[in-house]
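Visitor: Heads up: the sequence lines are chains B, A and L, in that order.
According to numbering that gives the first Met the number 0, numbering within the first sequence proceeds without interruption in unit steps and concludes at 138.
According to numbering that gives the first Met the number 0, numbering within the second sequence proceeds without interruption in unit steps and concludes at 138.
According to numbering that gives the first Met the number 0, numbering within the third sequence proceeds without interruption in unit steps and concludes at 138.
It cannot be assumed that every hint is accurate.
Note that the list lumps identical chains together, so a pair holds whenever it fits in one copy or between two copies.
Below, a list of computed lysine-lysine pairs in the DSBU-like style, where the Cα atoms sit at most 35 angstroms apart [to be verified]: (1) 25 <-> 1; (2) 129 <-> 1; (3) 5 <-> 25; (4) 5 <-> 129; (5) 129 <-> 25.
Calculated from the structure, these hints are not laboratory results.
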Amino acid sequence: MKSYRKELWFEIPDRRGFINITPHVKQCLAESGISEGLCLVNAMHITASVFINDDERGLHNDFERWLETLAPHEPLSLYQHNQTGEDNGDAHLKRSVMGREVVIAVSERELDFGPWEQVFYGEFDGRRRKRVLVKIIGA
Amino acid sequence: MKSYRKELWFEIPDRRGFINITPHVKQCLAESGISEGLCLVNAMHITASVFINDDERGLHNDFERWLETLAPHEPLSLYQHNQTGEDNGDAHLKRSVMGREVVIAVSERELDFGPWEQVFYGEFDGRRRKRVLVKIIGA
Amino acid sequence: MKSYRKELWFEIPDRRGFINITPHVKQCLAESGISEGLCLVNAMHITASVFINDDERGLHNDFERWLETLAPHEPLSLYQHNQTGEDNGDAHLKRSVMGREVVIAVSERELDFGPWEQVFYGEFDGRRRKRVLVKIIGA
């Protein structure tokens, strides 16, 4: 069994944003030399997300608006968590909706995706460098 | 290490619906010959979901009603994504709540499930053939 | 390829609650002898969740309040599922938001976590003994 590990670093200039990280994950798979297996991609921070969806700007705006409806950033007093001095209570909840991780099949040296699947890093408390972990196991 | 891959095709006659795909996944596991490992089951489309819950019709009706509350299909103008000519903005959000994938332990040649766990395909933009991927790795 | 399996049992004295199960999962990893691989941790019950977030009491209170807003326990008549004689329709929905499972990278014999990542069992229909499955595969 082969295994591969890499950390990817991102810094989103705003509080929230989405980045298509599919090219980075493909690069990891190429480096791994693994042809059949499973690829885990997860946020290493608990106010960020890794998810699979469509690379379409309108949809990303819909996610942004919708998540603000489900778990608004303000008022900060809405979240007990913010009494610790943080202002990211909403970010923990938004990340829970979007998910921490994805597991992707690896088949014939490729990410085994449907036609529109793309991997995104979702940031809900940005303006600092944060990490994504790529772990691939297989043969 | 052994690996196995299969695509399962489904066509839901309505816009939304849930199908219990557990028998299909069990069949895949039997074909794989794998006795210990991990089984990934994921929607290959970004407006559909694979999830684990109870096979109870009332609960499925509750999911349908609840998801419509969280991300209603109409008005179509609610979603910027629909300005692309699509009418499935809501489906991308509903799928995010229910999840893209499940990872199931394989132990002693069986799906290692609790008493009520069943695997479902959740369709949020149906009336066409769509795919689920089953990937199993192990020994 | 090595594989390891263990069931962890928990009983939450209230209907809902969160327990940090990270020490239990670390113990499983130590017992497994696996140094590189993937660790699946999943609820075996469909009204409970395993998720990764922060071990901060205020945040857990925020989760509790927020989930009650998204899928309130009462009125029981809100859920068709409760017509079966159950009173846990809300618990199935809450678990869907928080997720059934997590997949954790194993690197150099450790859970490969970011600085604040902790694994939680989330109970939404407690007051009875319920199980979590830990399955680890690797080398």
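Visitor: A separate judgement is required for each hint: does it hold in the structure or not?
Guide: Checked hints:
no. : hint       : in the structure
1   : 25 <-> 1   : both (17 angstroms within a copy, 22 angstroms between copies)
2   : 129 <-> 1  : both (27 angstroms within a copy, 32 angstroms between copies)
3   : 5 <-> 25   : both (12 angstroms within a copy, 21 angstroms between copies)
4   : 5 <-> 129  : both (13 angstroms within a copy, 33 angstroms between copies)
5   : 129 <-> 25 : both (20 angstroms within a copy, 24 angstroms between copies)
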